[in-house]
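Q: The lines below spell out each chain.
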Amino acid sequence: MIWGSMETFLAMGGYAFYVWGSYGMAIVLLAGEILLVVGRRRTTLRRLSLTRRMTAKDRNETAA
Amino acid sequence: MVPQKINWFKYSSPATFYFLAGKMIPWFAGAAVAFFAWGLYLGFFAAPTDAQQGEAYRIIFLHVPAAWMSMFIYVVMAGWAGLGLVLNTRLSSMMASALAPTGAMFTFLALWSGALWGKPTWGAYWVWDARLTSELILLFLYIGFMSLQATIEDPRRADRAGAVLALVGVVNVPIIYFSVRWWNTLHQGASVSLTQAPAMAAVMLQGMLVMALACWMYSIAVVLARVRCIILERERHSAWVAEFLEGERQ
Numbered sequence: 017m018i019w020g021s022m023e024t025f026l027a028m029g030g031y032a033f034y035v036w037g038s039y040g041m042a043i044v045l046l047a048g049e050i051l052l053v054v055g056r057r058r059t060t061l062r063r064l065s066l067t068r069r070m071t072a073k074d075r076n077e078t079a080a
Numbered sequence: 409m410v411p412q413k414i415n416w417f418k419y420s421s422p423a424t425f426y427f428l429a430g431k432m433i434p435w436f437a438g439a440a441v442a443f444f445a446w447g448l449y450l451g452f453f454a455a456p457t458d459a460q461q462g463e464a465y466r467i468i469f470l471h472v473p474a475a476w477m478s479m480f481i482y483v484v485m486a487g488w489a490g491l492g493l494v495l496n497t498r499l500s501s502m503m504a505s506a507l508a509p510t511g512a513m514f515t516f517l518a519l520w521s522g523a524l525w526g527k528p529t530w531g532a533y534w535v536w537d538a539r540l541t542s543e544l545i546l547l548f549l550y551i552g553f554m555s556l557q558a559t560i561e562d563p564r565r566a567d568r569a570g571a572v573l574a575l576v577g578v579v580n581v582p583i584i585y586f587s588v589r590w591w592n593t594l595h596q597g598a599s600v601s602l603t604q605a606p607a608m609a610a611v612m613l614q615g616m617l618v619m620a621l622a623c624w625m626y627s628i629a630v631v632l633a634r635v636r637c638i639i640l641e642r643e644r645h646s647a648w649v650a651e652f653l654e655g656e657r658q
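Chains A and B supply the protein sequences, listed in that same order. Going by the numbering used here, the first residue of the first sequence is number 17, and it counts up by one from there. Going by the numbering used here, the first residue of the second sequence is number 409, and it counts up by one from there.
Please note that the accuracy of each hint is not assured.
Pair by pair, the computed Cβ-Cβ distance ranges are [to be verified]:
1. Y449(B) - R75(A): 55 to 61 Å
2. T59(A) - L594(B): 42 to 48 Å
3. Y449(B) - L61(A): 36 to 42 Å
4. I433(B) - S21(A): 37 to 43 Å
5. G438(B) - I43(A): 16 to 22 Å
6. T59(A) - M554(B): 15 to 21 Å
7. K73(A) - T541(B): 54 to 60 Å
8. A27(A) - L613(B): 23 to 29 Å
9. Y585(B) - S65(A): 43 to 49 Å
10. K431(B) - A27(A): 41 to 47 Å
11. G438(B) - R57(A): 54 to 60 Å
12. K431(B) - F25(A): 36 to 42 Å
13. S21(A) - L613(B): 35 to 41 Å
14. R58(A) - A459(B): 47 to 53 Å
These stretches of chain B come out as covered by chain A in the derived footprint (C-beta under 8 Å, 3 or more residues) [unchecked claim]:
15. 451-465
16. 509-523
17. 571-578
Hints were generated in silico from the structure; no laboratory data involved. Idealized CB from N, CA, C, for every residue including glycine.
Given these sequences and hints, build the entire structure.
A: Structure representation (structure tokens):
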């Protein structure tokens, strides 16, 4: 372990703001992108099955 | 024996690719997690403090891979878009659209981490230097590509318009890459060159390459996940999607 303690690790030799600011933004962006894609998949699936059911219902009603 | 011919066009069918991509995503996502863990270990625990820059240099393990990805994804995106334009293959254009947000994200990350690295080493977050300016133009190209596609209703027309923009913008990539050589810039020269011995400690180089691999794996996983959404949206009127949705509900 080159840091000795958690404090020195977090302090980054006085560059904490710059180092953690960079890596922190990376975490925010990657996590955000993953959440957006997962959300998009959910919305797409929900919307598609909804329109499918609605058109199926329409067809049944016109048939009857 | 007649050699078996692989029908590559089979994989250009969105229906086939949708399920193939679904199988591939967990592997790339797993590889991304493993490479990120290894790369961060190398970058924060194995690599020693830099004699000149102290700990601030550790931004390199994020900044350089992000900058590489920003340029590489753009070239791949323009390639797919161009292929879609020439061969009129739907899936190629969908791949281009799926790549753009990830490319833009890495471009922003490269600029952001670069600004936070520039402040302690150059004394400024931003300078209008050739490397920085051309990278900012890359971000605008990604944003332009996405907004252009978003404003055109017909997806095939959006594909073609986006492809033209992406192909024209590709000239910017060599400008970014060679900017540090062509102009006298504040930005340092290339960190890794094929023709010269690396100018940095082996463990630093290794950490950077592992982080780059992690970004690659991450990009492949997230782009495949996004292209699956695009495929479903665009192919929603096809029989296979109807069949697939029927299966999902049970």
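Q: Decide, hint by hint, whether the structure agrees.
A: For each hint, the structure was consulted:
1. Y449(B) - R75(A): 55 to 61 Å: holds (58 Å)
2. T59(A) - L594(B): 42 to 48 Å: With Cβ atoms ~44 Å apart, the hint holds.
3. Y449(B) - L61(A): 36 to 42 Å: Distance hint for Y449(B), L61(A) holds at roughly 37 Å.
4. I433(B) - S21(A): 37 to 43 Å: Roughly 39 Å apart at Cβ, these two residues keep to the hinted range, so it holds.
5. G438(B) - I43(A): 16 to 22 Å: holds (19 Å)
6. T59(A) - M554(B): 15 to 21 Å: holds (18 Å)
7. K73(A) - T541(B): 54 to 60 Å: Since K73(A) and T541(B) have Cβ atoms about 56 Å apart, the given range 54 to 60 Å holds.
8. A27(A) - L613(B): 23 to 29 Å: holds (26 Å)
9. Y585(B) - S65(A): 43 to 49 Å: Once the Cβ atoms are compared, 46 Å apart, the range 43 to 49 Å for S65(A) and Y585(B) holds.
10. K431(B) - A27(A): 41 to 47 Å: For K431(B) and A27(A) the Cβ distance comes to about 45 Å; the hint holds.
11. G438(B) - R57(A): 54 to 60 Å: Hint violated: Cβ distance 19 Å, outside 54 to 60 Å.
12. K431(B) - F25(A): 36 to 42 Å: holds (39 Å)
13. S21(A) - L613(B): 35 to 41 Å: Violated: the Cβ-Cβ distance is about 28 Å, outside 35 to 41 Å.
14. R58(A) - A459(B): 47 to 53 Å: Taking Cβ atoms as reference, R58(A) and A459(B) lie about 50 Å apart, which means the hint holds.
15. 451-465: holds (count 7)
16. 509-523: holds (count 7)
17. 571-578: Not satisfied, violated; 0 residues make the cut.
In terms of the numbered hints stated before, the structure departs from hints 11, 13 and 17, listed from lowest to highest.
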